[in-house]
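Construct all of the structure, not just a fragment, from the sequences and the given hints.
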Amino acid sequence: MFLTKLKRIIISGSHNFSRSGFTSVASIVIMTITLFVITSLIFIQAGLNQSLNDIKEKVDVTVYFVSGADESSILDLEDSLKNLPEIKDITYTSAEQALNDFREKHSSDYLTLQALDELDDNPLGASLNIRAQDPSQYESISKYFESDSFITQGDLTIIDKIDYHQNKVIIDRLTSIINGAKKLGFALSFILVLISLIITYSTIRLIIYMSKDEINVMKLVGAGSDYIRGPFIVSGVIVGVVASIITILIFIPVSIWLGNQMTDFIGINLYTYYKSNFFQLFIIMIGSGITIGVISSYFAIHRYLRK
Amino acid sequence: MIYFNNVTKKYSEGNTSLEEVSLSIVQGEFVAIVGHSGAGKTTLTKLILAEEKPSIGTVFFESTDIHKLSGKNLMKLRRKIGIVFQDFRLLSNKTVYENIAFAMEAIEKDEKEIKKDVPRVLELVDLTAKANLFPHQLSGGEKQRLAIARAIITQPDLIIADEPTGNLDPINTSEVVNLLKKINDLGTTVILTTHNRSVVEQVKKRVITLENGRVVRDDKEGKYML
Numbered sequence: 001m002f003l004t005k006l007k008r009i010i011i012s013g014s015h016n017f018s019r020s021g022f023t024s025v026a027s028i029v030i031m032t033i034t035l036f037v038i039t040s041l042i043f044i045q046a047g048l049n050q051s052l053n054d055i056k057e058k059v060d061v062t063v064y065f066v067s068g069a070d071e072s073s074i075l076d077l078e079d080s081l082k083n084l085p086e087i088k089d090i091t092y093t094s095a096e097q098a099l100n101d102f103r104e105k106h107s108s109d110y111l112t113l114q115a116l117d118e119l120d121d122n123p124l125g126a127s128l129n130i131r132a133q134d135p136s137q138y139e140s141i142s143k144y145f146e147s148d149s150f151i152t153q154g155d156l157t158i159i160d161k162i163d164y165h166q167n168k169v170i171i172d173r174l175t176s177i178i179n180g181a182k183k184l185g186f187a188l189s190f191i192l193v194l195i196s197l198i199i200t201y202s203t204i205r206l207i208i209y210m211s212k213d214e215i216n217v218m219k220l221v222g223a224g225s226d227y228i229r230g231p232f233i234v235s236g237v238i239v240g241v242v243a244s245i246i247t248i249l250i251f252i253p254v255s256i257w258l259g260n261q262m263t264d265f266i267g268i269n270l271y272t273y274y275k276s277n278f279f280q281l282f283i284i285m286i287g288s289g290i291t292i293g294v295i296s297s298y299f300a301i302h303r304y305l306r307k
Numbered sequence: 001m002i003y004f005n006n007v008t009k010k011y012s013e014g015n016t017s018l019e020e021v022s023l024s025i026v027q028g029e030f031v032a033i034v035g036h037s038g039a040g041k042t043t044l045t046k047l048i049l050a051e052e053k054p055s056i057g058t059v060f061f062e063s064t065d066i067h068k069l070s071g072k073n074l075m076k077l078r079r080k081i082g083i084v085f086q087d088f089r090l091l092s093n094k095t096v097y098e099n100i101a102f103a104m105e106a107i108e109k110d111e112k113e114i115k116k117d118v119p120r121v122l123e124l125v126d127l128t129a130k131a132n133l134f135p136h137q138l139s140g141g142e143k144q145r146l147a148i149a150r151a152i153i154t155q156p157d158l159i160i161a162d163e164p165t166g167n168l169d170p171i172n173t174s175e176v177v178n179l180l181k182k183i184n185d186l187g188t189t190v191i192l193t194t195h196n197r198s199v200v201e202q203v204k205k206r207v208i209t210l211e212n213g214r215v216v217r218d219d220k221e222g223k224y225m226l
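Chains A and B, in that order, give the protein sequences. Heads up, the final residue of the first sequence is numbered 307 in the numbering used here, and it's a clean run with no missing numbers. Heads up, the final residue of the second sequence is numbered 226 in the numbering used here, and it's a clean run with no missing numbers.
Hints should not be assumed to be uniformly reliable.
Said to hold, decoys possible - As a list, the in silico DMTMM-like pairs of lysine to aspartate or glutamate whose alpha-carbon atoms are at most 25 Å apart:
id : chain 1 : residue 1 : chain 2 : residue 2
1  : B       : K112      : A       : D226
2  : B       : K76       : A       : D213
3  : B       : K109      : A       : D160
4  : B       : K116      : B       : D185
5  : B       : K94       : A       : D160
6  : A       : K7        : B       : D117
7  : B       : K181      : B       : D218
8  : A       : K105      : A       : D160
9  : A       : K5        : B       : D117
10 : A       : K7        : B       : D110
11 : A       : K212      : B       : D218
12 : B       : K109      : B       : D126
Worth flagging that the hints you see were computed from the coordinates, not collected in a lab.
And the structure:
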């Protein structure tokens, strides 16, 4: 009997859907808009994360050592820094390397090069370029240098300067922009998703309200709650599936266009992103479509069955 | 079969729809309930279906107090009653065939029985040729015959027809009344509410007359006396 009942509910639900014409179209349109908003937010989050990561990548601090500083102490320092969890990446540039880089950079500037040749010693010191996991950690890293005993050679400090202090304002501001953008992005997504959910629920509720006389007739004929509710939920599932397929199709040209036009601006090709995450996005869309359809129908019809 | 014990129904203070109504209806009877609009006819049928609760008094279906039922038991009671409304109340998204089959599906009849019984009833109400049409494609008389078919398909003990001819022309009216008489002849109790004189005269059965919510006449083979 259960299977027969299920079969009847599914057939009845599909009939409801296919024979309701305008109301089915209306609920698909609304559901598609909701799924479109959800997917757009996923895209925006992906773009935002990419941009924020790009910005983060651009932030680093360089520790310049005095010229003539003992190389082995600098390498010891590098080793000890590597063990710090805050540090993502650290590169050592020796004094010779720094000089070579300098020469290369100014290869067309004979005056400077001549002046350099006049000197007996290499005027440049070695340096360590440090990248932290998170921009907010530069402060503690730079403090580390002030407290560590590696950095002294006799009575003198071997550190010439740390450019964190020069860049502090910019780094701090970037850190707060990144954090703010993340929070704002999350809050906006939450609000938009909530609004579209409310609109979808209201639409489905309105459609079920229009069927309230029929629900009453079904009750009077002696149909049980499951048998009345079932077809509406099946219609909800169909609306969810159809709307998610439409959304998926819409996003193909949209992502191609965004990929062509906006890649430089966002820092990520959304078409490539769409292609490589297609399966996950497909599951998210179909999953949200069905869930929203089922839950809205269930609650919307609940009030008419209670009486 | 149906017993009203001193039933009063007030919708709000000063708006009394039924007042101290006591009556009983026996198995197999055909009862016409007549009265002007607002006399309380529809309220009476709604009380039997437990769509409304009495303010005072009790309504029994056989030995069960209808208004003490809830959930599953109420559903079971309603399955013993077939209803026909003035405004048909058909399921607009279902075909003629599906409207009738739905009533059987609702009470969990199996597919074999449905395939056997629905065509028979369609023939009884003369809608075989229209089985695949939707309600909006039918005339008023056909809609009402469909409603009757839906009401009788589950072989209920009681048929309540609330102003079934209210929206029909005289020819269709007479057809519908004959159909109800035929169903009554087969043993089903029928309660018919109407304010149509010719219907009452055609039926020639028991007539209960309501006026301002009170039973003013109850004639064994009544005439329309308003």
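A quick look at each hint next to the structure:
Of the pairs offered as hints, the one joining K112/B and D226/A holds, with about 22 Å between alpha carbons and a cut-off of 25 Å not exceeded. The suggested pairing of K76/B with D213/A holds, with an alpha-carbon distance near 20 Å, which does not exceed 25 Å. At roughly 92 Å between alpha-carbon atoms, K109/B and D160/A are farther apart than 25 Å, so this suggested pair is violated. Distance restraint check for K116/B and D185/B: the Cα-Cα separation of roughly 22 Å lies within the 25 Å cut-off, and the hinted pair is therefore satisfied.
Taken as a hint, the K94/B and D160/A pair is broken in the structure, with Cα atoms around 87 Å apart against an allowance of 25 Å. For the given pair, K7/A sits about 20 Å from D117/B by alpha-carbon distance, which is consistent with the 25 Å threshold. Distance hint between K181/B and D218/B is fulfilled; the C-alpha atoms sit about 19 Å from each other, no more than 25 Å. The straight-line distance between the Cα atoms of K105/A and D160/A is roughly 22 Å, inside the 25 Å bound, and the hint therefore holds.
Simply put, K5/A and D117/B have alpha-carbon atoms about 19 Å apart, close enough for the 25 Å limit, and the pair holds. A threshold of 25 Å between alpha carbons decides the hint, and for K7/A with D110/B the separation of about 12 Å falls inside it, so the pair holds. Restraint check: the Cα-Cα separation between K212/A and D218/B comes to about 37 Å, which exceeds 25 Å; the hinted pair is violated. Proximity of K109/B to D126/B is assessed by CA-CA distance (about 23 Å); at most 25 Å being required, the pair is judged to hold.
In summary, the numbered hints that this structure violates are 3, 5, 11.
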